[in-house]
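Chains as they are written, first to last, in UniProt numbering: chain A, 1 to 234; chain B, 1 to 234; chain C, 1 to 234; chain D, 1 to 234.
Think of the hints as simulated: they come from the structure by calculation, not from any bench. It is possible that part of the hints are untrue.
To be verified - Once the Cα atoms are required to be at most 20 Å apart in a straight line, the calculated PhoX-like pairs of lysine-lysine come out as:
no.: 1; chain 1: A; residue 1: 156; chain 2: A; residue 2: 219
no.: 2; chain 1: B; residue 1: 219; chain 2: B; residue 2: 156
no.: 3; chain 1: C; residue 1: 36; chain 2: C; residue 2: 64
no.: 4; chain 1: C; residue 1: 130; chain 2: C; residue 2: 156
no.: 5; chain 1: A; residue 1: 221; chain 2: A; residue 2: 181
no.: 6; chain 1: B; residue 1: 221; chain 2: B; residue 2: 181
no.: 7; chain 1: C; residue 1: 216; chain 2: A; residue 2: 130
no.: 8; chain 1: B; residue 1: 216; chain 2: D; residue 2: 130
no.: 9; chain 1: C; residue 1: 130; chain 2: D; residue 2: 216
no.: 10; chain 1: B; residue 1: 181; chain 2: B; residue 2: 219
no.: 11; chain 1: A; residue 1: 216; chain 2: B; residue 2: 221
no.: 12; chain 1: C; residue 1: 156; chain 2: C; residue 2: 219
Number of protein chains: 4
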Amino acid sequence: MLEELKREAYEANVALPRHGLINLTFGNASAVDRAKGIFAIKPSGVDYAALTADDMVLVDFDGKRVEGKLNPSSDTPTHRRLLLAWPQLGGVVHTHSSHATAFAQAGRAIPIFGTTHADYFAGDIPVTRKMTLQEIAAAYEWETGNVIVERFAAGKLDPLDFPAVLVNRHAPFTWAATVAKAVEVAVAVECIAQMALMSLQLEPTLAPIEDELLQKHFKRKHGAGAYYGQTLAG
Amino acid sequence: MLEELKREAYEANVALPRHGLINLTFGNASAVDRAKGIFAIKPSGVDYAALTADDMVLVDFDGKRVEGKLNPSSDTPTHRRLLLAWPQLGGVVHTHSSHATAFAQAGRAIPIFGTTHADYFAGDIPVTRKMTLQEIAAAYEWETGNVIVERFAAGKLDPLDFPAVLVNRHAPFTWAATVAKAVEVAVAVECIAQMALMSLQLEPTLAPIEDELLQKHFKRKHGAGAYYGQTLAG
Amino acid sequence: MLEELKREAYEANVALPRHGLINLTFGNASAVDRAKGIFAIKPSGVDYAALTADDMVLVDFDGKRVEGKLNPSSDTPTHRRLLLAWPQLGGVVHTHSSHATAFAQAGRAIPIFGTTHADYFAGDIPVTRKMTLQEIAAAYEWETGNVIVERFAAGKLDPLDFPAVLVNRHAPFTWAATVAKAVEVAVAVECIAQMALMSLQLEPTLAPIEDELLQKHFKRKHGAGAYYGQTLAG
Amino acid sequence: MLEELKREAYEANVALPRHGLINLTFGNASAVDRAKGIFAIKPSGVDYAALTADDMVLVDFDGKRVEGKLNPSSDTPTHRRLLLAWPQLGGVVHTHSSHATAFAQAGRAIPIFGTTHADYFAGDIPVTRKMTLQEIAAAYEWETGNVIVERFAAGKLDPLDFPAVLVNRHAPFTWAATVAKAVEVAVAVECIAQMALMSLQLEPTLAPIEDELLQKHFKRKHGAGAYYGQTLAG
Numbered sequence: 001m002l003e004e005l006k007r008e009a010y011e012a013n014v015a016l017p018r019h020g021l022i023n024l025t026f027g028n029a030s031a032v033d034r035a036k037g038i039f040a041i042k043p044s045g046v047d048y049a050a051l052t053a054d055d056m057v058l059v060d061f062d063g064k065r066v067e068g069k070l071n072p073s074s075d076t077p078t079h080r081r082l083l084l085a086w087p088q089l090g091g092v093v094h095t096h097s098s099h100a101t102a103f104a105q106a107g108r109a110i111p112i113f114g115t116t117h118a119d120y121f122a123g124d125i126p127v128t129r130k131m132t133l134q135e136i137a138a139a140y141e142w143e144t145g146n147v148i149v150e151r152f153a154a155g156k157l158d159p160l161d162f163p164a165v166l167v168n169r170h171a172p173f174t175w176a177a178t179v180a181k182a183v184e185v186a187v188a189v190e191c192i193a194q195m196a197l198m199s200l201q202l203e204p205t206l207a208p209i210e211d212e213l214l215q216k217h218f219k220r221k222h223g224a225g226a227y228y229g230q231t232l233a234g
Numbered sequence: 001m002l003e004e005l006k007r008e009a010y011e012a013n014v015a016l017p018r019h020g021l022i023n024l025t026f027g028n029a030s031a032v033d034r035a036k037g038i039f040a041i042k043p044s045g046v047d048y049a050a051l052t053a054d055d056m057v058l059v060d061f062d063g064k065r066v067e068g069k070l071n072p073s074s075d076t077p078t079h080r081r082l083l084l085a086w087p088q089l090g091g092v093v094h095t096h097s098s099h100a101t102a103f104a105q106a107g108r109a110i111p112i113f114g115t116t117h118a119d120y121f122a123g124d125i126p127v128t129r130k131m132t133l134q135e136i137a138a139a140y141e142w143e144t145g146n147v148i149v150e151r152f153a154a155g156k157l158d159p160l161d162f163p164a165v166l167v168n169r170h171a172p173f174t175w176a177a178t179v180a181k182a183v184e185v186a187v188a189v190e191c192i193a194q195m196a197l198m199s200l201q202l203e204p205t206l207a208p209i210e211d212e213l214l215q216k217h218f219k220r221k222h223g224a225g226a227y228y229g230q231t232l233a234g
Numbered sequence: 001m002l003e004e005l006k007r008e009a010y011e012a013n014v015a016l017p018r019h020g021l022i023n024l025t026f027g028n029a030s031a032v033d034r035a036k037g038i039f040a041i042k043p044s045g046v047d048y049a050a051l052t053a054d055d056m057v058l059v060d061f062d063g064k065r066v067e068g069k070l071n072p073s074s075d076t077p078t079h080r081r082l083l084l085a086w087p088q089l090g091g092v093v094h095t096h097s098s099h100a101t102a103f104a105q106a107g108r109a110i111p112i113f114g115t116t117h118a119d120y121f122a123g124d125i126p127v128t129r130k131m132t133l134q135e136i137a138a139a140y141e142w143e144t145g146n147v148i149v150e151r152f153a154a155g156k157l158d159p160l161d162f163p164a165v166l167v168n169r170h171a172p173f174t175w176a177a178t179v180a181k182a183v184e185v186a187v188a189v190e191c192i193a194q195m196a197l198m199s200l201q202l203e204p205t206l207a208p209i210e211d212e213l214l215q216k217h218f219k220r221k222h223g224a225g226a227y228y229g230q231t232l233a234g
Numbered sequence: 001m002l003e004e005l006k007r008e009a010y011e012a013n014v015a016l017p018r019h020g021l022i023n024l025t026f027g028n029a030s031a032v033d034r035a036k037g038i039f040a041i042k043p044s045g046v047d048y049a050a051l052t053a054d055d056m057v058l059v060d061f062d063g064k065r066v067e068g069k070l071n072p073s074s075d076t077p078t079h080r081r082l083l084l085a086w087p088q089l090g091g092v093v094h095t096h097s098s099h100a101t102a103f104a105q106a107g108r109a110i111p112i113f114g115t116t117h118a119d120y121f122a123g124d125i126p127v128t129r130k131m132t133l134q135e136i137a138a139a140y141e142w143e144t145g146n147v148i149v150e151r152f153a154a155g156k157l158d159p160l161d162f163p164a165v166l167v168n169r170h171a172p173f174t175w176a177a178t179v180a181k182a183v184e185v186a187v188a189v190e191c192i193a194q195m196a197l198m199s200l201q202l203e204p205t206l207a208p209i210e211d212e213l214l215q216k217h218f219k220r221k222h223g224a225g226a227y228y229g230q231t232l233a234g
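So here's chain A without its partners, still in its complex pose (with noise of 0.2 Å):
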């Protein structure tokens, strides 16, 4: 059943190595099918030269494991809390690509110093705050979806607006509409990761973007007024 889904979720997959954002088995996608309530994710520690799309394994919204053989990424719990969360999104993403998972484990977010940035963010790109001992030792991966929709609520942040969160001390989660969209902002989220190091390094004090030029670059990427791409304009 639903071969679509799990065939959109692999490609989603196998497209993390691909672009570099993946180590060994660090990192998954999933995709949701929101008629159905049930999404497709990567199996635990498989690795992607030898992932077939039959693979996948369908969750439900319980958590409950409704087809496969193998067992869901470790991870499957912080998807299903983004997925409750957010109807908004299609697919999760998740990665330990190098330059933004080193901002994760320093605890900072990422700011927003360029029009790279703005072509996919309204702002700085989010860090959690750290779990407390109760969250880790209780329903781990289940917390660590929880502190992520706190920190978007803390922050009234819309989520298609700022579709990426650093983890505190663990890496970056992504999300959009589609889950191909998803692996398209995991790649954005590395690049941009990597020259915000630099400018640091030329700048340890720089400032973030003036904001109406993060407005003007969003914007024409994002919402009613855009003019970017193909579909979007007019």
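Dock chains B, C and D against chain A, hints included.
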């Protein structure tokens, strides 16, 4: 019409990701036919892997699309502004290559530290001033071209002696007598930016290259006395 | 004899340059057959591109070559020392991978800053003390193994909880229950070193990961309670 | 004539971009036939992808082109100066590899921090003094060779114990008994430069490797007592 021009623009565009200068769809190249007053440019937001020579959009000097079903690059007015300002240009290239963009985000010119840089540029790679609220709100991409032209006029810089610029908070543009050469300059800019960043790590207050060595290398490759390569030398 | 063992050692050796861990001939891998008391190791100074499984040299635990026309790796006594000290090892890998070696040259352990590191190590990746004049002058490669073993004894470190070391001024060694897993650890070490270096650029005094998060990630993948992957989890 | 020599020079030249040491046309290699007093060198400014063995230019020790339709590399007088000064050389390689060039631009020797460096060099990779106005204005490329030779004479450095130099503000040159080995040294120099830059990030005042360890590693690979590899060891 203008099959040759579209082919030339196409070859330049697909060379950009091959040289590692482009992530996602961040970049574009244009080639101009001066006699006909028309330039060919990449369509907006189209994936490089799917691009064909036929997809190139033909635009005239008034900014009117004269051939092509797709929307031209959203940066088309910037290309047009530069091609109008500087009749010696045969093509323009725009990338968000990582190291050069790190300098642009920091609002810093790329200082000329060595002979690699001097082989392509008669001095630092300049950076524009920041754009005003009015410039951003109005014809943003055209005004981006204007601040580039203003920077060169203010500095009395010949665009073929300084075939690139960093747009403040944005990224590099390069140009040359042909678009193929503008691609070569874009490769050089990224490589020069990376080396400058590392030299600055070693010596944060490093002085620029001595003027006599700068002139020697620049003139080995440019102008009447050039003796580098096969066609320039006697 | 021992065709399977030579094949295993060969596959591990050629995986090293494929993972970008080896420049030139800087590195080697060995696989051990505990029952026979013999290990297979790369021949010294042979180009990876020219290597065949048949070139692997078989050496016994006294250091005697028991099969193979070529000289074994000059680092053979270091491998032998580790295999003798720790019976739980199935293979040893040595690389000069760039980021890890940068830490080794500086005589610095790789601090544990995030969950990527905690997925493989129960703490910092340790560094040995410097070797004495006597150790360098005498059986240098054997003594290299000795300072590694000394470091683990002094720190009461279990080699499977800390499956790598940085030899001071030199480079990393990794190991595991199989040589294929030791290659995987070598990939992880390089990736962890790169991220640590960047996190230190952002926060020069960054504290290590909180212990509860460290333990959570390490135990997700190791020991009786592990639930990552397909074979570890119930 | 000298088909074998041209083939050898050609193979060395095309190996440079394959090893990631060359951007655009920044670099060249030469191979010498001492008996005939002739060396083969890359033609100037020719794209590596288009290069053939037949394109190699034959030049004698007086600098006269004795075969080949194309202009030899503009750096030919530097190669010639080194080949004349040091009869033990079989080939010379010049690159603008990024990390090594970053040191050259900063006028800094590459400090010897670890055993990777000591496997190839008996100490720091030296840097030349800056060239004078007169040297730059006159026979610039020949004088480039002169400042290299002067640096080695002043430091009493044996060119086979120190098979590379950084030309101040410019880039590295390497050499060896064969041009193939000079390519290998060029790979090592770039890798060593990258690791030194990162070790300096970790420890800005890092001391050089202890002399006994330096000597041990250098002599494992060089001279009468060498025991690394297949041909050197007994």
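Hint check results:
no.	hint	result
1	156/A - 219/A	holds (19 Å)
2	219/B - 156/B	holds (19 Å)
3	36/C - 64/C	holds (14 Å)
4	130/C - 156/C	holds (19 Å)
5	221/A - 181/A	holds (13 Å)
6	221/B - 181/B	holds (13 Å)
7	216/C - 130/A	holds (14 Å)
8	216/B - 130/D	holds (14 Å)
9	130/C - 216/D	holds (14 Å)
10	181/B - 219/B	holds (17 Å)
11	216/A - 221/B	violated (40 Å)
12	156/C - 219/C	holds (19 Å)
Figure legend: structure checked against the earlier numbered hints; the only hint not met is number 11.
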